[in-house]
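Here the protein sequences come in this chain order: A and B.
The C-terminal position of the first sequence is numbered 641 in the UniProt record's numbering, with every residue numbered one higher than the one before it.
The C-terminal position of the second sequence is numbered 246 in the UniProt record's numbering, with every residue numbered one higher than the one before it.
Pairs of lysine-lysine, DSS-like flavour, derived with a Cα cap of 27 Å:
no., chain 1, residue 1, chain 2, residue 2
1, B, K147, A, K380
2, B, K147, A, K379
3, A, K27, A, K40
Every beta carbon over 10 Å from chain B, so not counted as near; a handful from chain A, in silico:
no., residue
4, W515
5, S593
6, D603
7, L623
Since the hints were made in silico from the structure, they are not lab data.
Heads up, the beta-carbon is just placed ideally off N, CA and C, and yes, glycines get one too.
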Amino acid sequence: MKYAAGDEIRDTKAPAGPIEDRWEKRKFSAKLVNPANKRKLNVIVVGTGLAGGSAAATLGELGYNVKSFCYQDSPRRAHSIAAQGGINAAKNYRGDGDSIYRLFYDTVKGGDFRARESNVYRLAQVSVNIIDQAVAQGVPFAREYGGLLDTRSFGGAQVSRTFYARGQTGQQLLLGAYQALERQVAAGTVEMFTRHEMLDLIVADGRARGVIVRDMVTGEIERHVADAVVLATGGYGNVFFLSTNAKGCNTTAIWRAHERGAYFANPCYTQIHPTCIPVSGEYQSKLTLMSESLRNDGRVWVPLRKGDDRVPGDIPEDERDYYLERIYPAFGNLVPRDIASRAAKNVCDEGRGVGPGGLGVYLDFRDAINRLGRDAVEKKYGNLFEMYERITGENPYETPMRIYPAVHYTMGGLWVDYDLQSTIPGLFVIGEANFSDHGANRLGASALMQGLADGYFVLPTTIGDYLAAGPFGEVEEEAVAEAEIKVRSKIERLLSVNGTRTPDSFHRELGRLMWDHCGMERTEESLRKALERIPELRTEFWENVKVSGTAEELNQVLEKAGRVADFFDLAELMCLDALVRTESCGGHFRAESQDADGEALRDDENFAHVSAWEYSPEGVPVLHKEVLEYEYVKMTQRSYK
Amino acid sequence: MNLTLKVWRQSGPTDSGRMVTYRVEDVSPDMSFLEMLDVLNERLIIEGDDPIAFDHDCREGICGMCGMVINGVAHGEQRATTTCQLHMRHFEDGAVITIEPWRAAPFPVVKDLVVDRSAFDRIIQAGGFVSVPAGSAPDAHSVPVRKEDADAAFDAATCIGCGACVAACPNGSASLFTAAKITHLSLLPQGQPERLTRARAMVDQMDAEGFGGCTNTGECTAVCPKGIPLDAIAQMNGDYLKANAK
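Given the sequences, and given the hints that come with them, work out the whole structure.
So, in structure tokens, the structure goes:
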């Protein structure tokens, strides 16, 4: 696949000067909108997860007219609800040496030096306010007996800064945002549209002015115009078919915005999580994560010998390979996600994997049970053990769990500046849908932080600066009609193919291809193969997909087909991005770029930049680079040995 | 495994609906209930039939979107389980399984097994929140909360809003759902200023939506995937009475 080199991106709108003052400076320089004028300004927010829900609630509270859209039956269902672990904040309530600077430092390092310093510093600053906000809303975080908030430590950090609500932190934070949102709905500042899917962005006079959506119950195509549009539509990990994402998560909203001119940054950055329940069969529809906290007490191993099919209990100690403890003696089973994931893949590739298909490693609690007693283990991890047993039918107290890495979170997304504005004026992108804060890898408990920081605190300030010049007047009918026709014709095209394969069968094949060729390990050869195969598969899709039913009803096959169609185009860009980036960093492992020990080798000289892709209708994407400068955190090779 | 499914098919709210029988073969015991339906649906699409519409999303038992009545029990017979976490190994080879949507007047059927649960959102809109503006909350440690209270509040807060409680209740009552939210917020200091007005507004809204009254049958808590206890309803009733006594 060809691409062209475009201009470098030089201005990200981040203020200059000492990093700790930049956000204050930006807030002060942002123009304000007086309360009477806010009522005249309309904002569309698509997506109701942590980012979108908190943004819509806050904008409504500020006095703007907000329209909020989600594809589920209620905003409370957004996939943020499934986040288990916790949310980081630099409160230093433990007095263990935490600070905004340390959270900033850990996050930049954890992102393998591919995130922006200014953004990450702001994220660390705002993290403190998020906890205050959530507590005031009644989020029932874990507490100590003295009544103060409890915290725990998490991967990638040496301090205890993770606030949590058992294993359901995402749920509680999301319900907090959802309740704030419903309060605004009742107050009349937010109008809620559930079971609506965004199918195109309306751009008029060079500005984002609205969306075309489909009412998923009646099939009606609706136009909604506004003075600004906010996308908070989450990540695109479902391009791999099997992932930890909810089934409905898709790329359609951001991809259509990309087609309308928004740059897509670092599409190939995919976070792989090491502790998922392995795939059990062809019919499998999704993967379930087991909390990373299990690695605090569980020991990871595989048989020493290839093809050893004895039950784990029959394999004696000297015939087991505790490979993480062997290769990384300093960190052992607690190495970061990207390292643990790749090590598991390597032993399985050697033929030493366990379980059906040999794609699994043991996470064994035998020693922990012997040391602490079964009761203590049950107290700590009981709900996770129960969940595991429910899904696999195996009792992890008696036989070790089997785990394997899986696609979890996407660090790429639409390019945004410091104000979270995309390359289309008036189009703001927040949460996982943008690319800005995580670099090439993400530490545990940092995604919830970003979603809420963007939604409650950053966007409400920066969007005001844009809206101060509004209202922007009538939207040209031509622009709206063009977008609507495009949406309708795509739907008609999908319905008219009438082939012999289901959308899911194409999705499964695309996902497998992406996992094998652009997954945990990529090579020039694998990526070139994928780039050859994806267009063939896409052609077959448009010639042979079968979409039953009509457009004027609730039609889940049609919904699925439209999303798969967009995944094809995204998959191609992901492979191209991975091919061009001939270094390894974070979750992106290019086999050609490794050191003598087989560890990921970054190439700071050539790749300390964001790759922001501009869409081209002719199929020759244009690559714009944004150089990343590290003034505060020195770029070093990560080592865990 | 080979199974016979009797599934409720209803093309839209105005259609009267009927049970339709399907045979599914080669079902793996490791499949989730929804994956079994996926396999059937793929076959129906290829055969040119309309696949069965059902709601689902996270498939991890937390979003609350999935839900169907399986063999007469909301989410199926396995306790404390959402439909997406129910696996086929709990069924016998050759079994006949009936699948129906949540049935309650305030949950109109949209299509097949999909129902409209927006009444729940309107109950939350009536007062299921703490009125706090964004951006200027006091430090989180300025109000200590007893651990026991925080834990109990959390237990109530785990409600996923799936609606199984309504589907299981012979009266079609939404008391367990409403009580879970009222209990969560009434156990925390942050929820106190609005405690009584909240209880009154939410209960009144629940009634206005057409949900039935609670007669303490307990079917709701028996099917609740998150084990919300019946005590929550007592807490709600207590607050509601106090609110109306004032």
